[in-house]
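Colleague: Model the placement of chains V, F and E on the given structure of chain P, informed by the hints.
Residue-level listing of the chains:
Number of protein chains: 4
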Amino acid sequence: MSSMIGNTLKISVFGESHGPAIGVTIDGLPPGESMDYDEIKIQMARRAPGADPSSTPRTEPDIPEILSGVLNGRTTGAPLCAVIRNTDTRSGDYDALKRLPRPSHADYPAHVRYGGFQDVRGGGHFSGRLTAPLTFAGTICRQILYRRGILIGGHVLKIGQVTDRPLDECNPDKTLLKRLSEEYFAVILENKKREMQSAIAAAKAQGNSLGGVLEVAACGLPAGVGDPMFGGVENRLAAAVFGIPAVKGVSFGAGFGFADMTGRQANDPWRMENGKIITETNRNGGVLGGITTGMPLIMRAAIKPTPSIAGSQDTVDLISGKNAKTEVKGRHDPCILPRALPVLEAVTAFVLTDLLAQFNLL
Amino acid sequence: MSSMIGNTLKISVFGESHGPAIGVTIDGLPPGESMDYDEIKIQMARRAPGADPSSTPRTEPDIPEILSGVLNGRTTGAPLCAVIRNTDTRSGDYDALKRLPRPSHADYPAHVRYGGFQDVRGGGHFSGRLTAPLTFAGTICRQILYRRGILIGGHVLKIGQVTDRPLDECNPDKTLLKRLSEEYFAVILENKKREMQSAIAAAKAQGNSLGGVLEVAACGLPAGVGDPMFGGVENRLAAAVFGIPAVKGVSFGAGFGFADMTGRQANDPWRMENGKIITETNRNGGVLGGITTGMPLIMRAAIKPTPSIAGSQDTVDLISGKNAKTEVKGRHDPCILPRALPVLEAVTAFVLTDLLAQFNLL
Amino acid sequence: MSSMIGNTLKISVFGESHGPAIGVTIDGLPPGESMDYDEIKIQMARRAPGADPSSTPRTEPDIPEILSGVLNGRTTGAPLCAVIRNTDTRSGDYDALKRLPRPSHADYPAHVRYGGFQDVRGGGHFSGRLTAPLTFAGTICRQILYRRGILIGGHVLKIGQVTDRPLDECNPDKTLLKRLSEEYFAVILENKKREMQSAIAAAKAQGNSLGGVLEVAACGLPAGVGDPMFGGVENRLAAAVFGIPAVKGVSFGAGFGFADMTGRQANDPWRMENGKIITETNRNGGVLGGITTGMPLIMRAAIKPTPSIAGSQDTVDLISGKNAKTEVKGRHDPCILPRALPVLEAVTAFVLTDLLAQFNLL
Amino acid sequence: MSSMIGNTLKISVFGESHGPAIGVTIDGLPPGESMDYDEIKIQMARRAPGADPSSTPRTEPDIPEILSGVLNGRTTGAPLCAVIRNTDTRSGDYDALKRLPRPSHADYPAHVRYGGFQDVRGGGHFSGRLTAPLTFAGTICRQILYRRGILIGGHVLKIGQVTDRPLDECNPDKTLLKRLSEEYFAVILENKKREMQSAIAAAKAQGNSLGGVLEVAACGLPAGVGDPMFGGVENRLAAAVFGIPAVKGVSFGAGFGFADMTGRQANDPWRMENGKIITETNRNGGVLGGITTGMPLIMRAAIKPTPSIAGSQDTVDLISGKNAKTEVKGRHDPCILPRALPVLEAVTAFVLTDLLAQFNLL
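Residue numbers (the working numbering), protein chains in the order written: chain P, 62 to 423; chain V, 62 to 423; chain F, 62 to 423; chain E, 62 to 423.
Next comes chain P alone, as it looks inside the complex (with noise of 0.2 Å):
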C-alpha cells in the first residue's frame, strides 16, 4: 500500500513536487519487451503541463531517465527505474502552506499525519506531478497490452455542464480509440471539446476551476480473468484508480446510472457471434462477478473541481490555532481533466497488465 501497489507486476513511487527528483520502479515486468520511446514521449506530452491554456504555464521537460531493467532497448526482467528531475521549481510561491493549509488539498491531513515534517512546497509527494511516473509506468504497461491485442483508449466524458458522447459500450470504434489515446484533450465531438474549452477559459477568467468525469474503455480482454470477491478486475482497478489525485468516484459500465435501470434494461443478454460468445449490451462494462467477460471493458472517473482558485478562502491558523485567510498563489490548471485523462488510461494498463501478468497471459 502506500506509495506501492500490485501483486504479479508491482509499482513503487517516489518523489514530492519539489525535491531532487520524482520517478517510479516497476518490479515484475516480462522480460524482452520492447521500449517504444516515441509513444512515452506521446504519453508524458499528454500529461504535461503547458500544453494549451487549461492547464498551469509551469513547463517541464518530464523526460525520465531508466536507470535499470532495460538493456538494448529491451525489458531485462529486473526491476526498471526511471526518474524525472525536477526543475522548473519555484519555492518561494508556497511558504505559508505549512501554517495556512488550503481548503480541499491535502495539507493540513498530511499535517497531522506526518507531524509537521512533510514537504510541503507544491504539495510534495500529494502533488499531481506524481502523476508523471504513473503515466510513465502505464506507457511501458500500455504497449505490452497492445502487442497483446489490448488497446486503451479514452475521453473527457463531461466538463461541467458540457457532455461528450459515451463510447460505444458494446464496440467502441478501435480507429477513434486509437486516436483518442494519443491526443491532448481527447473527446469525441469536435465541438463539445470547443465547448468545454470555452467553459474552461470562461471558468479561469473568474479565478475559478471545473470538475468533471473522464471514461476509459479496455478493448480486447479475454474473458475469464480476475478473482472473486476481493481480487475482482474492478476492486483493483479502484483500489489503483483512486491513486490519482482528485479522483472522488469510480465505476464500471452503467455505475450509478444503474439506478435508473430496472433488470430487465440492465441485464446483459448473451450470445454466440462468429464463434465468441458476446453480450448484446454491455451495461456492466465487460466485468461480472469480478471476472472479465471478454466484452470491452469500461470505466468512468468522477474528477474534482481543482482546488486551487484565486482569491481569498477560509482557514486555520495552525500555529495560532485561529480562524484565517489564505490565498492560493503559484501557476494551476482551471481543469484538470484533459491532462488526468493520460493518468488515468496509463493506471488503467498499469492494472491490467498486473492481471494478465498473473494470469499468464503475456
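Not one of these hints is a red herring.
For identical chains, the list gives no copy identity; a pair is met inside one copy or between any two copies.
Below, in silico cross-link-like pairs of lysine to aspartate or glutamate (EDC-like), each with a Cα-Cα straight-line distance of 20 Å or less:
1. K390 - D378
2. K102 - E243
3. K383 - E341
4. K253 - D234
5. K239 - D229
6. K383 - E334
7. K386 - E341
8. K239 - E100
9. K337 - D378
10. K386 - E334
11. K254 - D234
12. K254 - E244
Treat the hints as calculated values from the structure; they're not laboratory data.
Modeller: Chains V, F and E only, in chain P's frame:
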C-alpha cells in the same frame, strides 16, 4: 486478494451457496474485545432474506458458530473463525446453470475462469449469500469502532426513481444514524421508504427488479489517518466495497456530483470550532489526499438491479455453442438494496478498523 | 502475515488447542484437482500424536471436515475451508499457565503481546496442534505437485547424537523418497531409526526431551522458477517453515556446512546429461540466486527439544512479579521430530505449489 | 516479493551491476527522523569493496544521492529514494557469461527465468553490488532503532576453520557491539581475525575462496513484538536475509546446535531481575513463538564460499548444448564475509524497524 483482504486486520471468506457451510476468518483482531452477540444478531437479521416482501422468501437462521479466537466472550487476539451452515438449499433449481449462463450473473466468466469445475449451485462462491460472513466480520469491527466513539450508519439513498434525503455531510444526526444502523430497510424519510416499497412491489409484480444507491457515513474518525497514493482511505474502501456483489460504483463526498460544481462550490473551507479544526462544508466526504480530515466519512455505492428476473432471456448454450433461452428459477430479491446496506456498513467497518489498527488507534 | 501466508495460493490458519475447532482456508487452488482422501489420512496420521512411544498419548481422530471448495471430489477453485474439531481436551491441566509461564514456550511473550487475553489452554494458537491444518493443506498441495511429477519426501536426519544417512543431493532414490513420504518416523537407515528410538526412550525415562534436524527433498522441479532477491525459493520456504513450532534454523543444500568448504569444493559444475542441464554436485540444494536450477531442492530444518520436560523449572509469577517454580503437566512428546517431519514436507509442498501457481506451471 | 519486501515499512530495490545506477526506495519511514550521513558513510564503507586484501580491488565511491523523502536533513514521511551511480564497470570482462553459465552463480537459472533477456554483465540484478542500496536502507533504519535504545551489531563468527568467540547470548557487551558495528571485518578476538585473514590470503593465493558464518545481535528490543505463525520475527528476518546473495542458512539462538541439546539444556528459565523479566540463558535467541522475549535477538547466517574462483570449471554451452569449460574472469572477493556482515546487520535493522513500526513502537 481473491477472497482475502486487509493489511493489519485481514479477513478470509470462504464457502459456496449450496455447499456445507460458509464463513470467515478474521486475523489480527485486537485482544480483549467483548462480543455483543445481540448486535451481531441484529445485523445478521438486517442482511438475512425473508424479512419483508422486497426479499427472497428463502429463510436461513444464519447463526454463526465461532470456532476460534474468542474465550469467555472476549477476543483472544488469535484468528477468529466463524462458520454458518447452509441449510435451506434446493439445488435442483439450479441444474441448467452449468449449460445456460444467466445474463448479468457471473456464471459465464466463472465458467471460463474455473474451467467448468466451479460450484454453480446458487451462484456458488459468487452468491450474495457470502455477504453473511462479511456482515458478521464487519459487525465485530463495528463494535470495536463504536467503543472508540466511531459510529457507522447509512441508508438507502435511492431506489429506482425514489430518492431519500441525503445525510447531512457535515454533521449527520447521531441519534438518526444509530437508529438507521439497526433498522431493516433503513431510510431517513418514512414516506420515501413507503414509496420505495411500492416501487419494489410493482417491479416484483412484473417479475422485474430495481437498482439504486446506498449512502454510508462514519462519524468520529480522527484526522490524519490513511496513507498517500494507493494506501488512502478511498483506495482501501473501494477495493473492499467492490467485493460486495452488485456494486458497480463507489464515490466519496460529492462523488460524481463534483462534475456539476466549480472549485468555489466544491472547496471545503477550514474553520476552528470549539478548539477543533473542521470544514464548513464536507464535499470531500472526510478524505483529502487519501487521509482523513476528521470530518464524517461519506461514501456512496451504486447497486445494479438484481439480474435474476422473471421470464425468458437470451443466452448461449455452453455445450452446443448455440444461442438459447434461459429462465431464471429459484427465489430472488426484486431489490437487493435494503439487505445490501448492512453489508456495505459492515465492509466499511472492517476497512476502517484495519486502518485504525495500522495506526495503532484501537 | 500472522496466520496467513502465500501469494498466488494462500492459506489462513485458525484455531486454538482447546477451543471448539482448528482449521485452514486455502485460497487460490487450481480448479479440477481431485482429492485423494486416503493420502490425506496417511499424512494426518503421520502427524497425529499417539502413534508410538515417542509421542504424547493424547489421541485425536483429526479428520478434517471440508466446508467449501470441493464438489464431487474435485476442487472448485473457490476457497477450500477444512475444520478439525477438538475433542480430547483436558483444560484443567493448564490452569497455572496464565500465571507461571513455561520456560521456552511462547506463554510469556504471548502474554505481553495479547495483554493476558490469549487462550493459554494447551498453548492456544501457539500449540503444535495447529500443525494439523497445515498438514492437511500441504497434503492437498502435495497431490497437486505429484500429478505434475514433483515428489516431496524427507526423513529425520538427526536426533540427539544419532545421525541418519543424508539424502543423495543429486539424485535421491525416488522409491525410497516415496516410501519415506508415507512412513511414520521416516528414517533411511533402519538401525539408525532404532538408535533414535532408544535415545528418545532414554530421554523420556528421564523426563527429558531431544531435538534434531529434519531433511526434506523436492524432486522434479523445473529450472527457472523463483523471483530474485526477496521472492526467491529460499526466502519463501524459510518464511513459511519458521511458522512450524520448534523450528530454529533453516538451510538449503550444504547450509551451515558451507563454512567448512572452499569455493572449489562448494561449486556445482554444470553438465549436459541426456539433453538436460544438470549439476555434477548439488551443494546449493537446487537453488541459485533464489531460482530453481532443476536439481532436487534440499532443505534442512533445526528442531529444538520439546520444551515440555518433567520436573521443576524456574519461572516468574506474572501476578506477584516474584521468582517462582513451575512444573509442566499434561502429555507431551519427548521428541517432536517424527511428527514434525510430515508438517515440514506439507509446508514445503504448499510453498512450492504457490510458486508454481505463480509461474502458471500447474 | 521479488525485489520488494516489508509490511508497514517497505523497500523496493532496483539496479543491475553494470547498468546506469542501483538504488532503493524506502516507503513508510516515520517522519522527522534525522539523517546521520557520517554513519551512512561508515556503513557503506564497511560493505564497499577494496578495503583490504580479502575483497575485490574494484573500487566504487558508492555515495547514494537522495532523490526524495528527506527535507532539511529529516525524513518527510514520503518514500525515500536513493540512487547510486555505477562508475567502475568493465563490461568486456563478462562477455562469455551469456553462453557459459558460471558454476554456483545464478547465470543459468536466470537465463531460464528471463529467457536470455537478463543483464548478465557483472551478475546483473543478482550481483552482490545490489547489497549497497540494502545497506543504505538498513543504515537509516539502524539510526532509527538506535534512537529508541536498540543496538544492532555482529561479527564474523567463522571463516573456514577459524572460529571467533560467540557473542554472549544473554548480555552482549554493548561497547563491544558498538565497536564491532562500525568496524570493517568485525571480529571479537583480534588473533582470530588475523587467523581468518591468513586463511583468506592462502585461499586467494590458490585462486580459491572461503565461506563461513556471521552472527548478529539486536539488543534492547521490547518483549511482545511479533505475530504468531507466519508473521513471527524469525519468519520475517529469514524471508529478508535469504535475499542477501550467498546466504544458504539462517538460524536463531542455538539454531542447528539445538540438535545436540536435551530439553533440560535447551530451556531458558524465566527470572526477575531488577523488576524486569529475563531468561537465565538465551538458547532461543530472544524469540519464542515468533514473538520477542525481551532478551537479545541472536541470529546466524551461513555464507557459502564465493563461487568466483580461479581456473577452469565445467559448464555447458547454452548455445551448442554441449559440455564446455569456463574461466571466471573479473575481480572477486576470495571471501565475502567481512563485507556481507554490514549487509546482514542492515537487513536485520530494516526488518526490526518494519516490525516496530507495525506495533507503533517507533
